[in-house]
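First to last, the protein sequences are chains U and H.
Going by the working numbering, the first sequence opens with residue 156, and the numbers climb by one from there.
Going by the working numbering, the second sequence opens with residue 303, and the numbers climb by one from there.
None of these hints come from the bench; they were simulated from the model.
Keep in mind that the hints are not guaranteed to be accurate.
[Unchecked claim] Simulated DEER-style distance windows between Cβ atoms: (1) H:GLU306 / U:VAL289: 55 to 61 Å; (2) U:HIS371 / H:GLU317: 45 to 51 Å; (3) H:GLY518 / U:PRO213: 20 to 26 Å; (4) H:GLY305 / U:ASP230: 37 to 43 Å; (5) U:LYS268 / H:ASP443: 51 to 57 Å.
[As the list claims (entries may be wrong)] Here are a few chain H residues that face chain U, going by a calculated C-beta distance under 7 Å: (6) GLY305; (7) HIS307; (8) THR308; (9) VAL380; (10) ALA381; (11) ASP383.
Cβ atoms here follow ideal geometry from the backbone N, Cα and C, with glycine treated the same way.
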Amino acid sequence: MPDGSQVEYDKTVYHPVRGENGTALDIEKFSLWYSEKQALFENSLVVERGLVTALIGPSGCGKSTLLRSINRMNDLIDGLRIGGQMKIDGRDIYGPGIDVIALRKRMGMVFQKPNPFPMTIFENVIYPLRVDGVTDKTMLEETVERSLRGSALWDEAKDRLHESALGMSGGQQQRLCIARAIAGDPEVLLMDEPCSALDPIATSRIEELIDELAGHYTIVIVTHNMQQAARVSQNTAFMYLGRLIEYGATETMFTTPKAERTQAYITGRFG
Amino acid sequence: MAGEHTLKRFDEELERLSATISEMGGLAESQLAQCLAALHERDTAAAEKVIADDARVDALDEAVQDQTVKLLALRQPVAVDLRVILSSIKIAAALERIADYAKNTAKRTIVLSQGTPPPAAVSGIERLGRLVRTALKDVLDAFTQGDVAKARDVWERDEEIDQVYTGLFRELLTYMMEDPRTITGCTHLLFMAKNIERAGDHVTNIAELVSFRATGHGFDEARPKGSAALYATGTAS
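Could you put the whole structure together from the sequences, leaning on the hints where they help?
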């Protein structure tokens with residue numbers, strides 16, 4: 156048996172653009188079962204470092220499951236089984252001896268609904284450092300400024316750092332969550348429909364932010380909004396019923412998709 | 303195409319767009335046929351009708367522009383839908399040009415009917431016209447049926463059209479050299495021949511667009527070209 160590193164890609168439906176900085180995540184024949192029900196079927200794709208990769212597909216296609224498998228958030232679910240491999244920098248995420256907490260620190264996560272903690276803006280941002288026991292005041296202050304600048308929130312938040320984060324608008328709260336996700340300086344940002352609870356203006360801000368963050372971070376984003384995938388990503392993966400149907404350059408996916416099913420989905424012919 | 307949209311109205315709008323193109327194609331085809339018939343019969347009234355009817359083609363071209371702008375703004379089409387819409391704008395533009403060439407040919411027919419052009423040259427133009435008419439009809443069928451193989455066949459036939467045009471060019475030069483009194487008439491015929499040959503080029507473009515809307519690309523290799531002899535500096539012999 157091969158050790159899983161020999162994945163044969165069908166070039167007709169596998170045509171991602173390559174980044175200049177190599178591979179961030181290597182997903183090889185990854186399958187997942189919730190008890191008896193199989194949710195993912197041998198998905199193989201390579202996520203390029205520094206690029207934005209979008210996962211699209213109809214509800215229940217497994218895109219969120221795949222995203223949550225990357226930082227092992229599915230671990231807590233009873234009866235969960237996996238097959239195949241998922242690697243970050245060549246190391247098996249599910250391999251023996253992996254420190255899950257350390258693994259998650261390398262991956263920031265942003266959820267559908269903004270989930271700031273009921274504390275000040277300042278404390279929200281430095282939460283990951285607090286968990287690590289960092290107490291150096293200068294370092295904390297620098298992290299807050301860097302992260303808030305990074306999430307395009309600094310100008311709006313700098314005069315109210317010690318006010319409650321819950322007083323912010325939804326869009327600001329989501330950018331705060333992004334600031335918190337990048338405070339720990341992760342390598343990968345996982346975003347699970349980060350704009351679905353936001354209005355169009357706030358959505359544009361987040362999309363602009365994703366554009367700015369790409370390059371520094373590898374971003375994997377799950378979105379229901381196909382136009383959003385088209386706007387922010389360089390590579391798009393289309394999933395259906397737990398299977399990866401097509402993975403390719405976003406430009407190609409939205410102009411001349413290779414798989415009939417991809418075309419049907421993105422043009423609104425089913426789903 | 304991959305079945306129907308969940309949003310029915312989008313399908314209806316796309317169908318309406320294709321119907322407008324088909325109507326425009328039928329009209330352009332008829333204009334080309336009518337201008338050739340007018341030339342054959344030396345029928346000034348028929349030629350004038352061709353000139354007047356050009357406005358109908360222009361109106362349909364505008365209708366296509368309106369429909370495509372709305373579709374782009376309101377439906378944000380992607381993939382095959384986007385290609386259908388983009389190719390529609392370009393096909394409409396090509397048909398509009400073809401009809402313009404028919405109109406110009408009709409105008410020259412009126413001038414010609416006042417003199418006596420060499421009959422052999424007139425029948426040469428008619429032959430060229432028949433080739434382009436058939437190509438136009440076939441490419442419109444290919445469009446309606448989404449038949450890329452048929453479009454490719456039309457695309458390859460442009461070589462023959464170019465060759466007939468080149469032959470006609472030489473023939474007209476010969477007439478003019480033999481008898482300078484034919485120069486006015488032959489010059490008009492030469493422009494007519496050029497018009498029809500250009501119409502043929504637009505037919506070829508439409509053939510490529512039929513391929514593009516189905517596959518995302520035209521016909522990759524360079525088109526067969528048969529008219530290099532035209533640009534040789536020597537005189538026709």
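Do the hints match the structure? See the list:
1. H:GLU306 / U:VAL289: 55 to 61 Å: With a Cβ separation near 58 Å, GLU306 (chain H) and VAL289 (chain U) satisfy 55 to 61 Å, so the hint holds.
2. U:HIS371 / H:GLU317: 45 to 51 Å: 47 Å, holds
3. H:GLY518 / U:PRO213: 20 to 26 Å: 24 Å, holds
4. H:GLY305 / U:ASP230: 37 to 43 Å: This hint holds: roughly 40 Å between Cβ atoms.
5. U:LYS268 / H:ASP443: 51 to 57 Å: 55 Å Cβ-Cβ, so the 51 to 57 Å window holds.
6. GLY305: Holds. Min distance 5 Å.
7. HIS307: Since chain U brings a Cβ to about 5 Å from HIS307 (chain H), closer than 7 Å, the hint holds.
8. THR308: Result: holds, 5 Å to nearest chain U Cβ.
9. VAL380: Interface hint status for VAL380 (chain H): holds (5 Å vs cutoff 7 Å).
10. ALA381: 5 Å, holds
11. ASP383: 5 Å, holds
Figure legend: structure checked against the earlier numbered hints; every hint is met.
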